[in-house]
Amino acid sequence: MNETLQSLQFSSNTLFLMLGAVMIFAMHAGFAFLEVGTVRQKNQVNALVKIMADWSASTVVYFLIGFPIAYGINFWMDAGTLSNLFNGKVVAGARGFDLVHCFFLTTFAACVPAIISGGIAERAKFWPQLFAGAILAGLCYPLFESIIWGQYTFFQDWLNSTLGAKFHDYAGSVVVHSMGGWLALPAIIILGQRIGRWTYGISQGIPVSNIPFLALGSWILCVGWFGFNVMSAQDIAGISGLVAVNSLFAMVGGILFALVFSKNDPGFVHNGALAGLIAICSGSDVVHPFGAFFIGGIASVIFIFGFQWETEKMKIDDVLGVWPLHGVAGTWGGIATGIFGQKFFGGMGGVTLAAQVAGSVAAVIVAVSVGTLVYLGLKSTMGIRLSDEDEQRGADLSIHNISAYPERDIRT
Amino acid sequence: MNETLQSLQFSSNTLFLMLGAVMIFAMHAGFAFLEVGTVRQKNQVNALVKIMADWSASTVVYFLIGFPIAYGINFWMDAGTLSNLFNGKVVAGARGFDLVHCFFLTTFAACVPAIISGGIAERAKFWPQLFAGAILAGLCYPLFESIIWGQYTFFQDWLNSTLGAKFHDYAGSVVVHSMGGWLALPAIIILGQRIGRWTYGISQGIPVSNIPFLALGSWILCVGWFGFNVMSAQDIAGISGLVAVNSLFAMVGGILFALVFSKNDPGFVHNGALAGLIAICSGSDVVHPFGAFFIGGIASVIFIFGFQWETEKMKIDDVLGVWPLHGVAGTWGGIATGIFGQKFFGGMGGVTLAAQVAGSVAAVIVAVSVGTLVYLGLKSTMGIRLSDEDEQRGADLSIHNISAYPERDIRT
Amino acid sequence: MNETLQSLQFSSNTLFLMLGAVMIFAMHAGFAFLEVGTVRQKNQVNALVKIMADWSASTVVYFLIGFPIAYGINFWMDAGTLSNLFNGKVVAGARGFDLVHCFFLTTFAACVPAIISGGIAERAKFWPQLFAGAILAGLCYPLFESIIWGQYTFFQDWLNSTLGAKFHDYAGSVVVHSMGGWLALPAIIILGQRIGRWTYGISQGIPVSNIPFLALGSWILCVGWFGFNVMSAQDIAGISGLVAVNSLFAMVGGILFALVFSKNDPGFVHNGALAGLIAICSGSDVVHPFGAFFIGGIASVIFIFGFQWETEKMKIDDVLGVWPLHGVAGTWGGIATGIFGQKFFGGMGGVTLAAQVAGSVAAVIVAVSVGTLVYLGLKSTMGIRLSDEDEQRGADLSIHNISAYPERDIRT
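So the protein sequences, as listed, match chains F, R and S.
Read left to right, the first sequence gives residues 906 to 1317 (my numbering).
Read left to right, the second sequence gives residues 906 to 1317 (my numbering).
Read left to right, the third sequence gives residues 906 to 1317 (my numbering).
For reference, chain F alone in the conformation it holds in the complex:
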């Protein structure tokens, strides 16, 4: 009977993480439709194909290089034979748990190119961006992951001894979202503005194409996010109802604050939900639901005003607002854990503001440096931007030889 129980435990763990992986995989459909709804019709097909392609390249590279870097488990060299792998003889874990674990973490890594995709939409070349995404998801992301969650503990140990606690990032406000958002910033700047976005320095708002698709994308992301956060326990024994409810409250805070601060704008309301969810990843296991509500609400306000400042004042043409959304709100989430995680605010304690700031800032530095390097390198070699003519025809016709609504477009 001991054996039966252990077997059920192993199976339940594999199921738990598999469900999480599938829920986050589904979120990538959300990234796709959020972008489809936001870009102009002439770039909708490109949005869809980019997400599928980035996902695929990330999967391969993370499996081969990223996961071994971050966790020291190398399926293709260590396991020898498949039956070793499957039976958990070489690597820990039975019922293929380690494989599902890698799948689960792949879904995190693949968020990086998906986030960047939204910022550089409507004007980037296809293959260079696929290549950049693969490098970032399979190499840059795992390096930072390895020192926060992974096999190299020196950074966390140093924080712990000097700043009183490790850097706490339960589900990746910083490791995943801020990393993606701050990597996107140099990419967007290096790529430059879309043609016609500013004429004689005057902002020419480019209207979004399809709010129902934008909302569909947001809904898919919101639903999958519960897998992102809850399954970050990575073990069914670690499941926490608090994480689920904090995710809920941060999302709700994000929605309600966006309702008020954006004057009922559908784009901000649906992205506000995401801002809340991005910011709560980090502290979802240690803050109080009321804390989560305000973390999410503030994240939403950061997004709204950050996006307006970024585009209107700084003239950075961040199409989906991924830098304020994932970057700044992610950083806010990392820092907020150091505030609302304190017992004074009803939190569980065990975190310090200093360590949270240190970890959050470290991510920004890594992301901006690597992003600048990679995109400057690509710009000077392969080139990263569509020709003006291609951009004006739209990425769909110039890259994919088809429009999003061929029947209608061919008829007319």
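It should be emphasised that the hints constitute simulated quantities derived from the structure, not laboratory data.
In this text, a Cβ means the ideal position worked out from N, Cα and C, and glycines have one as well.
Errors might be hidden in some of the hints.
What the hints assert, rightly or not - Residues on chain F that point at chain R, a partial pick, calculated with CB under 8 Å:
#	residue
1	N1115
2	A1149
3	D1170
As the list claims (entries may be wrong) - Straight line, CA to CA, 27 Å or less: simulated DSSO-like cross-link-like pairs of lysine-lysine:
#	chain 1	residue 1	chain 2	residue 2
4	R	K1284	F	K1168
5	S	K1284	R	K1168
6	S	K1168	F	K1284
7	S	K1218	S	K1284
8	R	K1168	R	K1220
9	S	K1220	S	K1284
Stated by the list, open to error - Covered, in the sense of this in silico footprint (three residues per stretch, anywhere, with C-beta under 8 Å from a C-beta of chain S), are these stretches of chain F:
#	region
10	935 to 942
11	963 to 973
For chain F, the structure is supplied; the task is to place chains R and S on it using the hints.
For chains R and S alone, coordinates are given in the frame of chain F:
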């Protein structure tokens, strides 16, 4: 080892209910797209934002007021500290089970404004309706919930002693759906017809905008519904394959009857599936799959003819037909449990027709009374209806300052 | 405590299979939207209603006839009373496991008409096709199922004794997909080409209507597929992380090969993912992830060139390409298990190429024969094709009396 087993049980329970909560949360995307597809294009954005906003307000109010009313568990006052809450020291349940339980039941409460939203679409003011939805989900709904499922047992005890059985409503045909549908009826009547729906007393059918979106909404609802019904066990030990299969058969009955009785109309087929699912919630754990098939089929017919009677004869402008769909089919579901739940019809027994009728009628009385009070009150204070000009421009432009397809609408 | 453990095991099994059933049920929404996006606008409503109707008819017929044929469990005759059934007294399994098992396998059977639907789109009569689908899902499919997975073991025993191994089809590359695809082939040929697809023998490509909907369908299918494959363990104790990761890698292989071989065509990229998933069903528990990658990649190439050969050379008007997609790629999947499942290729062994070929070919023979019989029979009795006039008006108006976008179509 005893401890390992208990831990696995606790974790599995939390996972079980979390999955249910997320599946029902996803259903709210279904409510949104069902409405997007049914209303005119000029009101699609409003449909999307309303569901997000209603969800958010309901979450906050149900957590603070509704759940304490219904079950006597008050997270924010009793628990004291978060670690008490999380460890289940103050309230029963470990791994944050109670929090997830509240999340799960929030998803039920939030159906109430989502249902009403479909009936009053295209002409209601935004903030008063958000306010009404919050009151109804956070205060009215939990009061009835508290006497059927919750901490106050006097009504059920009285039914049991006088009518031979308690009122049986496994997953909320009556407590959730009929409550929502019958609350919507006075709201719809008090709000009045859309401009142009009848001219000189002659019905002017207003065509739906987008059947693929309507179908998408229906599909999302159908899929999530298995969480609604199966996870209503609220405990993994109570899971029942019968509930899943009865849900399936009621849905299938709803579809097939709608195919025949509506002469293959896509709107009725996709809503017929929902009618079946609404009606089976109540008895899904006690009827035979064949019983479920007919409960669903009859519900579908009730919806089709109820909707035609309501709109064409009674001139009640119920845009999505939520009164016949959720209200009448929900009531039918409550009563049908008293028929098909009998052993004579292959059911499990333990229910009486009298108690089922009593409970179902009680819900109607509560809903109609409270709905009338709340909406009359709001009408005479804040006002509940858009100005004629705003209604004719559409809720999207007049409330949200944007259309659903800005790129196209601005170009042309 | 023994009892507690056993109860948790039973409950976990029921939950496991219920989740799988719901995930595959959701895939049918994917079939619907894949077809909506691919057919012309005048046939979109028909695509949606067909999938719902086929699903419903399949459910009833498989429950009554198919499941008893395949597994010898007859709920409506053997169980006697519902409480026997539910308590697992007559049939094995507690917590309604057998009922959920039947639900799970219904979702497989219902794929058959859903697959055919895509091939014969835009010109088939409604009721004859519904009838054909019910016969095929409820009678033809279970017969083959019964000798591969079910109660009749003679074929498998014969293969085992003569060809060294049973025919291995873990999740139905052959039993489900190739069966559906090869049944569709005679249906498509007997039905004939759409009006205007070839004029004077010159191919007139008919443009697809809506790539975002096509992509949505593909995404829904991809996500649900993890239920299709992983839950094919049919028991939580049999869960295998390898199956999940192999599904992932076959999908990714399908996407990446399609990117290259189709020159970045969105239709092929989104269908290439499906080709990979179709081909990996069979061997997902025995091949290495790298093997899965190539199985999926090759399946994608088979689909791309098979579809071009089928339509351009053979002039078979297979609207969604279901014969190369489900039929040929499914057959390839069955055979590939005999190659990549060998230990030489890093597989688990226990399979032989000869047995895989035999089983795969047997399915083709059964499908083509039965498909020809059924559709010739229907053609000569009920008729299977819309009148030319109805086809040109579109199935939506001629069958369902409504277009997909009534508000727009009535206005203009």
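CA of K1168 of chain R to CA of K1220 of chain R, is that 27 Å or under?
-> The hint holds at about 23 Å.
Assess, step by step, whether the Cα of K1284 of chain S is no farther than 27 Å from the Cα of K1168 of chain R, and give holds or violated.
-> Distance of about 23 Å is within 27 Å: holds.
Supplied contact hint for A1149 of chain F, tested at 8 Å Cβ to chain R = Check passed: Cβ of A1149 of chain F comes within 5 Å of chain R, closer than 8 Å.
Examine the region 963 to 973 of chain F for residues whose CB is less than 8 Å from any CB of chain S, and state whether their number is three or more.
-> Holds, because 3 residues of the region 963 to 973 of chain F bring their Cβ atoms closer than 8 Å to Cβ atoms of chain S.
K1168 of chain S and K1284 of chain F: Cα distance at most 27 Å?
-> 23 Å, holds
Does K1220 of chain S pair with K1284 of chain S here, judged by a C-alpha cut-off of 27 Å?
-> It holds: about 20 Å lies between the C-alpha atoms, which stays within 27 Å.
Proposed interface contact between N1115 of chain F and chain R, which counts if any beta carbon pair is under 8 Å = 6 Å, holds
Identify whether the interface hint at D1170 of chain F stands, where standing means a beta carbon of chain R within less than 8 Å of its own.
-> With a minimum Cβ separation of about 6 Å from chain R (threshold 8 Å), the hint on D1170 of chain F holds.
Does K1284 of chain S lie within 27 Å of K1218 of chain S when you go C-alpha to C-alpha?
-> The given pair, whose Cα atoms are some 25 Å apart, holds under the 27 Å limit.
Counting residues of the region 935 to 942 of chain F whose CB is closer than 8 Å to a CB in chain S, do you get three or more?
-> holds (count 3)
Hint consistency between K1284 of chain R and K1168 of chain F [alpha-carbon to alpha-carbon, up to 27 Å] = Given that 27 Å is the threshold and the Cα spacing comes to 23 Å, the pair holds.
Of the hints listed earlier, there is not a single one the structure fails to meet.
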